[in-house]
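Student: Whenever a hint applies, use it, and build me the whole structure from the sequences.
Letter by letter, the chains look like this.
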Amino acid sequence: MDGAHDLGGQQGFGPIEVDSVSEPFNEEWEGREWGMAQCALTPDITIDWWRHCRELILPEDYLTRPYLDSWAQTDFATYIEAGWISLEEVDHRGSLIEVDEPLDPPSTASVDDILKDERNHAVRYHKEVESKPLFSEGQNIVTNKEGVAGHTRLPRYVRGIKGVINAYHGAHVFPDLSAHGKTTHQHLYSVVFACADLWPETQNSKDKVFLDLWESYLTEA
Amino acid sequence: MTNYDAQEVARIHQELRDRLPQDPASRVGALEKILTEKGLVDPQSIDAWVEAYQDHIGPKRGAHVVARAWNDVGFKRRLMADAPAAIDELGYLGRATGHLKVVENTTTVHNLVVCTLCSCYPFSILGMAPAWYKVAAYRSRAVRDPRGVLEEFGVEISNDIEVRVWDSTAELRYLVLPQRPDGTEHFDEDALANLVTRNSMIGTDRDLEVTAPGED
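Quick note, the sequences are listed as chains A and B, same order. Under the numbering used here, think of the first position of the first sequence as 1, with each following residue one higher. Under the numbering used here, think of the first position of the second sequence as 1, with each following residue one higher.
Just so you know, the hints here were simulated from the structure itself, not pulled from any lab data. The beta-carbon is built from N, C-alpha and C at its ideal position, and this holds for glycine as well. Worth double-checking, as some hints may not be accurate.
As the list claims (entries may be wrong) - Coverage of chain A stretches by chain B, computed from C-beta distances (three or more under 8 Å per stretch; other residues unrestricted): (1) 6-15; (2) 32-46; (3) 81-90; (4) 128-137; (5) 198-208.
Tutor: Take a look at the structure:
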């Protein structure tokens with residue numbers, strides 16, 4: 001999706017506020033949102049569907065609201081789309097009707113529980129697959145020129161660009177389909193691009209940009 | 001049940017514009033109230049999550065990993081080969097580090113990490129991402145003008161150093177292993193960890209300042 005979220009290389013955002021206070025929650029609501037996102041999500045959500053719902057936030061809101069505020073907006077949207085809460089309840093600022101399929105009542109987590117359980121949240125997205133990877137280290141590739149209407153992890157700034165396979169990561173969950181609730185695995189590569197091939201003003205640069213890209217984003221160059 | 005209907009979500013976002021309160025604190029408050037009343041979330045669990053990331057899980061973990069790598073050749077080898085397994089030795093494996101990758105700064109290479117598409121970050125070893133990491137200015141410029149970005153952070157990179165920018169487009173997360181400063185040969189692991197800044201592990205800091213143990 002060619003959305004406002006696809007920020008790589010866009011210009012006009014000005015300097016970075018490098019000293020902005022950020023330790024670790026600036027305001028109380030940020031901590032509340034962080035906590036909610038960790039312990040309350042629709043049960044059948046995928047990380048890619050959630051990301052896509054965040055990308056669908058209206059551009060003027062996406063670009064101007066604080067980061068964790070956009071998480072709250074995304075949580076609202078995913079809950080409403082899945083039928084767990086209604087727009088009327090948003091108006092009412094509280095529950096109006098029972099949900100169809102109540103979740104198991106959440107058990108109260110303590111800090112100790114969270115710290116002990118943290119290791120179980122190191123989600124692994126890769127899997128052994130039968131197909132062999134098409135590309136190998138050092139091979140020249142070119143990225144797809146066209147974008148796709150839905151969720152994808154091939155940013156605009158590397159479309160139709162020649163790069164080199166830096167490493168093979170194994171087969172990982174393919175985000176374009178995971179955003180539709182379908183879990184499939186596809187070969188994933190670290191691909192390196194020369195800055196000189198990406199931007200007109202960096203022709204003499206020897207700097208490089210590395211992205212992790214799925215096989216169907218690439219063809220042999 | 002999730003229907004994965006993007007058009008519907010676009011419509012919901014539009015609807016929410018006029019229906020949600022106008023400031024972030026009230027929006028998040030409304031979400032917590034509705035979810036709590038529906039029994040979908042327990043406010044005490046949220047308290048615990050805040051405390052966990054305020055007091056326990058943060059960049060000190062990353063600094064410990066870096067200090068161990070500087071001090072223990074075997075650990076460094078394991079860290080570079082399989083970072084999730086290596087940080088698991090220290091009890092730091094967790095959220096967003098299941099596919100952690102460590103990239104090493106050298107005299108000729110400087111690494112910088114960004115997520116241009118969302119704001120992916122290795123939570124279980126660095127905690128919450130700093131505000132600047134998540135704003136459009138950083139996300140847009142890190143891949144196009146990394147040297148300009150670094151200058152704003154007070155980091156000058158000479159022309160003989162290659163800058164490598166890592167855009168976190170998949171579930172891999174990146175941790176920069178900064179260079180060990182000279183004059184720290186006799187520092188123990190704790191003293192070394194004290195020298196490591198959060199920004200140096202993202203790549204917006206390079207030459208670490210040496211303070212004698214106990215001085216900071």
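Student: Each hint needs a verdict: does it hold in this structure or not?
Tutor: Tested hints:
1. Note: the segment 6-15 of chain A has 9 residues with beta-carbon separation from chain B under 8 Å; the three-residue rule is met and the coverage holds.
2. With 11 residues having a beta carbon nearer than 8 Å to a beta carbon of chain B, the segment 32-46 of chain A meets the requirement of three or more and the stated coverage holds.
3. Coverage of the segment 81-90 of chain A by chain B holds. Counting CB-CB distances below 8 Å, 8 residues qualify, and the rule asks for three or more.
4. Given a C-beta distance limit of less than 8 Å, the hint that chain B covers the segment 128-137 of chain A is violated, as 0 residues qualify and 3 are needed.
5. For the segment 198-208 of chain A, the assignment as covered by chain B holds, since 6 residues bring a beta-carbon within under 8 Å of that chain's beta-carbons and 3 suffice.
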